[in-house]
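So you can see what is in the structure, the chains are spelled out below.
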Amino acid sequence: MLVIFRWIRNQAHFLLFILLLLSSVTQIFRYHIYQHSIYFGQALGAQRQLDAWKSDIKSYFNLKNVNQQLIAENTLLKQQLNWNLTFNSPRRDSTYRDTNTGNFVKYEYIQARVIRNSVQEQNNFIILDRGFKDGIKRHMSVVSPMGIVGVVVESAEHYSLVMSVLNSKFEITPYFYDLKTSQGVISWNGEDPTVVDLEEVNRFVNVRNGMKLFTSNYSLLFPAGIPIGTIVSSNSNLKSNFHRIKVKLATDFGQLDVVSVIKNTYQKELDVLNQAIPSSNTEDKND
Amino acid sequence: MIEIARYIVSGLLLALVQTFVLQEVNIVWWIKPMPYILLFFNLPVSTNKIGILIGAFFFGLTIDVLGGSIGMHSAACVCLAYSKHHLDSYFLDENSLQLQGLNRMHEEYKGWQWFYIYVFGLTFIHHLFFFIFDYFRWSAILTIIWVSFCSSAVSTLLIRLFRALNVKK
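Protein chains in written order, with the working numbering: chain Z, 1 to 287; chain P, 1 to 169.
To be clear, the hints were calculated from the coordinates, so they are not data collected in a lab.
All values derive from a computational prediction rather than experimental measurement.
No false leads were mixed into what you were given.
Below, a sample of chain P positions facing chain Z; criterion: calculated Cβ distance under 8 Å: (1) Phe57; (2) Gly71; (3) Ser74; (4) Val78; (5) Tyr82; (6) Phe133; (7) Phe136.
Virtual Cβ for every residue (Gly too), placed ideally from N, Cα, C.
Full structure from sequences and hints, please.
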């Protein structure tokens, strides 16, 4: 306390100067309209700026919550997309019914977070923090906001294992949006995790760089229209009947965080039909 | 006591001259000479610094009340009193002043050129603060400096004139 008094006594001249100056300046702002308006205008501006900064800081710390809300909203919106709706579907309690069209949802989206991911191996797998308790089963497709990610191969109670696109066993037929055709097989050669190979595309198909590839409606796993990637290079020679195409993946596997697992609500029907295909047909084909 | 009364009377006279004569006369419309700060140069060096600060505030307030510019002159006078104390402690040697038989800043101390540079410097500080509060815009800072400079020059000339008159008296 004594130190404070001593300090005040030592600084008396300066403190008195500040006090008198403030008193004068206050009078200026009080009695002069011009100075008053400028001062309070600037004070208000500064206050608004401070409020804006405060709000920015607050919203920064709130980003996680906002992100979660956006993910939930995105999932709901995806379920409401027109291409996701089927006409005259049988009524099922578990499916979402669109209030505008009265149609039932064919695909349901389950959001999950990637907790393990690899891109360096020859056969890469991803682990998600959702399992069969959340409705995740084998053969469900996994997509990210950027594009396709993979297919669920195993599901535990709370976790599931996904075979990534960056897996030598993963294959998918793409849909050429510009050509309105589905052709070829996409697979990864184990080298660059951003590029996959597209093979078995007929040499006479007019393939150009920059063409966008999407999932085809022939796929039993993925809904149609999900981005796969963009063609970056294509070669063809007379010795072969097929193009050799490189596709840059739409999904950046190094940045994977939140993904959606797609559940086909009529998967059982598909499974039944698949089983009903006579085995002799396939044998004939192979022959 | 008589000395204090003398300063109060001369302060009042200077305030009256400032508000009823100089404030009404337009040399160039933007030049505002304020030679009333002559009072500060007449004060003895040994005057209590706190007393000067309070006196400066009320002296400025008197001019403000008379001239209707509440706060402007008092703020400028307080800044001048505070700056003067610090400048004096740097540039003035009280002992050598006393050796010359002086108790305040005077032309005889280091010559009239030095004295008027000192007067001009302090006048400029006073005018600068006055015009900062008067214009109150950062965008007008160059104008403020220019107006302060010109007004300080005229004020210094008037201070010179007043001092000459005082000496004759």
